[in-house]
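Chemist: Protein chains in written order, with the working numbering: chain A, 1 to 310; chain B, 1001 to 1310; chain C, 2001 to 2310.
By construction, these hints were calculated from the structure, which means they are not laboratory data.
Positions of the beta carbon are idealized from the N, C-alpha and C atoms, including for glycine.
One thing to keep in mind: the hints can contain errors.
Claimed, not checked - Below, a list of computed lysine-lysine pairs in the DSS-like style, where the Cα atoms sit at most 30 angstroms apart: (1) 261/A x 188/A; (2) 1230/B x 2234/C; (3) 75/A x 1150/B; (4) 1254/B x 1150/B; (5) 2038/C x 2016/C; (6) 2234/C x 106/A; (7) 1075/B x 2234/C; (8) 1254/B x 2111/C; (9) 111/A x 2/A.
Said to hold, decoys possible - Not close to chain A: a few residues of chain C, all C-beta gaps over 10 angstroms, as computed: (10) 2016; (11) 2107; (12) 2199; (13) 2245; (14) 2270.
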Amino acid sequence: MKKLNGVIRAQQFSTKTVEEIFSITEWMENSPPADLLKGKVMVTLFYEPSTRTRLSFESAMNRLGGRVIGTENAKDFSSKAKGESLEDMVRVASDYGHIIVLRYHKKGGAKRAQNFSRIPIINAGDGVGQHPTQALLDLYTIKKRFGKIKGLKIAMVGDLANGRTVRSLCYFLAKHFPGNKIFFVSPKKTRMKNDIKRYLDRYGVKWTETDNLAQVLPEVDVIYQTRVQKERFKDKQSVYKQVERESRELIINKESLILMKESAIIMHPLPRITEISYDVDDDKRAVYFEQARNGIFVRMALLKMILVGY
Amino acid sequence: MKKLNGVIRAQQFSTKTVEEIFSITEWMENSPPADLLKGKVMVTLFYEPSTRTRLSFESAMNRLGGRVIGTENAKDFSSKAKGESLEDMVRVASDYGHIIVLRYHKKGGAKRAQNFSRIPIINAGDGVGQHPTQALLDLYTIKKRFGKIKGLKIAMVGDLANGRTVRSLCYFLAKHFPGNKIFFVSPKKTRMKNDIKRYLDRYGVKWTETDNLAQVLPEVDVIYQTRVQKERFKDKQSVYKQVERESRELIINKESLILMKESAIIMHPLPRITEISYDVDDDKRAVYFEQARNGIFVRMALLKMILVGY
Amino acid sequence: MKKLNGVIRAQQFSTKTVEEIFSITEWMENSPPADLLKGKVMVTLFYEPSTRTRLSFESAMNRLGGRVIGTENAKDFSSKAKGESLEDMVRVASDYGHIIVLRYHKKGGAKRAQNFSRIPIINAGDGVGQHPTQALLDLYTIKKRFGKIKGLKIAMVGDLANGRTVRSLCYFLAKHFPGNKIFFVSPKKTRMKNDIKRYLDRYGVKWTETDNLAQVLPEVDVIYQTRVQKERFKDKQSVYKQVERESRELIINKESLILMKESAIIMHPLPRITEISYDVDDDKRAVYFEQARNGIFVRMALLKMILVGY
């Protein structure tokens, strides 16, 4: 039996490991072992609040019989007041439990943490960096719906420059799931960054870029919608206004449903603001709440693979 | 065995159910079954902080062997920053556990949540709306002291317009406990609202209204004191000043004790600010801390009735 | 079997009890009994956030099978908004569990709490008052390294006026560990206060005072470094500037290591800001992270001695 030694970035996995994650996720979804993590303690270290992600991890840990301690806003609480470094905090926290789930407000936080921790780290989002467990749950959702992740046309829509979920998703698609085509649909100022495009090119993934959603909708199998990451535009209010204005053209609503294939699915990492209208929620193609639920099973699988082995 | 399908508002219960709640509460007080809720997860979703109420529910859940995950300030944390709706949050949270305990800052929150949740909701206070578990613990406290809730004279004192506990209490008294008389004692600007008065009238409950506490004290069996809900007066500072001034006449102190019956009890939903002086605490008629303790047993009973059945 | 009835201040213990704490701490470090506190609930009541201390206690409780409920910022959350007293909060919280761990922002908080609580209180820091469990873990660390706490030269460095850890440490050294010598090294405005100097004199402990760290370093066995308690200087910005400037002379860095004995140890209660350079961390004399780890074992021992007995 081997152990996963943490989850830091999308690129770390072999294709075989990704397959194993999915097969353990299925097991967790269907017959979770209640006392598997008895005696284990998870430390949720969130430097910025993310109620959804934190509770998803904490639910996963509790369902497997483990215990949770943590903080939901470390940046505003003790750390800011006292000026302690992430490195010191992690070094101490790594004595408090058996695994750390870290949300950090700056890119590279998870990697820095791993260098100083004596226990495994799961990256639960690091600024504009990555959010690898989100990408895994996204892919698990696609796999459940289509049986396989191949030959699909996948549109990523919205604030692609600041959305870390779409970035992580691209890494996974390039490395492990050849034979799909990606459509980047975004306001001009928030296009997918070049590093990702290069990465896709290197792996021979076909991609195209547009700001015309209506043209893309009839063609694609997956619409992955994202929100404008308002909190990333703090010092750029005029850019934000423009992005917001152009984003209005990218909303998924009742009219979009008419254009879409019957077999397509609409995904969203949540939270959703206005970029998908509420009247789309009851359409059978709207899978974003199922997607969030899958997150719990994926995280249960990862906790098992890290703390117990596989 | 049947299950309670959530606790949203005071009016939802039949008199028989209220009696069953009290009899299970007694059981919980005397011999709580330690592992009854093993494997169950409670999600405490608090949009505004209420340390006391949250910890009371979390203590109840833990005493029965269940697990707790949650957030104590969702409005200030992720939701405000990202603008997510209550409906979306609840839909996702309903995958995280087996029951949601919701505190919301606006009236109607619990009802809205119930419409979107796939698991039961307990309303732990929704703005100026209701706080039904508080009313249940209030009534349980009265019943323990007087043996029955009948033929009693009950004074509700303080900010009756904004206090949701007195509102919920009136609903219960009207529907399930006939034969009591209510005295509303309040500053002029914070009188009990008309909807409640109508409700009492409909059920034939006798009530009277005054701002003279001294006149009422010698007569009543229960004094239910409440604090001025300062946080509800944000844009009405001059009204607040007047209410605060008149409230000084409604303080329960050593002198009030002299006027009161020997058999009377003084209740308060807490937190208490200045409306009951500290030197009253040691009088045997002061039951507000016992009342808070009863809250744990009532909540244990409700959790059992919802998650296991009765 | 007797029980410890809480931990309020350093002076409360007999020398025999301190020895018993250390021997149970050793047991907790080497073979912790996993279900010892099953069914027990700890309430962590933190009026100001201290992620490290809170998580240390919560980790200790969880490792022994107990449960935790709590709040990490009571002052900013419900209490501030509603103006409730510490006494009322504690009275209610003492129904929620079997032990309260209290961090309070003002001196004397733990003592006040104990007067109103029906369950034991552990003082997790009260303003500029005390932090007795910190002192215990400090001493346990010294004992582990030197075998005994006798005949040692101990330098306490930094903001000695506002640092409660050095105060608690002095109390313990004076009362229980005779035969050591203390060197106070600090900026002029933050010298150790007179009450502690008197206390040391009363017990015949030798101490001296200086602002020259380099002179002291070659001589001492223990360097106990502390940070400037910035949050205690809110209304004294010019004093703060001066203290900060003089503190730069008290930094432990690579050069300090050359001056120090090979057998010496560098301690710090953490969080560390700039008063120990990062390049010191890998030196074998740097024990501050081990010290933090020892805190978990000390707290496990105290929880056992209070909740189960010894």
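Chemist: Does each hint fit the structure? Answer for all of them.
Modeler: Here's how the hints hold up against the structure:
1. 261/A x 188/A: Since the Cα atoms of residue 261/A and residue 188/A sit roughly 26 angstroms apart, the hinted pair holds (cutoff 30 angstroms).
2. 1230/B x 2234/C: Roughly 28 angstroms between the alpha carbons, so the hint for residue 1230/B and residue 2234/C holds.
3. 75/A x 1150/B: violated (54 angstroms)
4. 1254/B x 1150/B: holds (28 angstroms)
5. 2038/C x 2016/C: holds (28 angstroms)
6. 2234/C x 106/A: holds (29 angstroms)
7. 1075/B x 2234/C: holds (29 angstroms)
8. 1254/B x 2111/C: holds (26 angstroms)
9. 111/A x 2/A: holds (22 angstroms)
10. 2016: It holds; residue 2016/C is separated from chain A by about 29 angstroms at its closest Cβ, greater than 10 angstroms.
11. 2107: holds (19 angstroms)
12. 2199: holds (28 angstroms)
13. 2245: holds (17 angstroms)
14. 2270: violated (6 angstroms)
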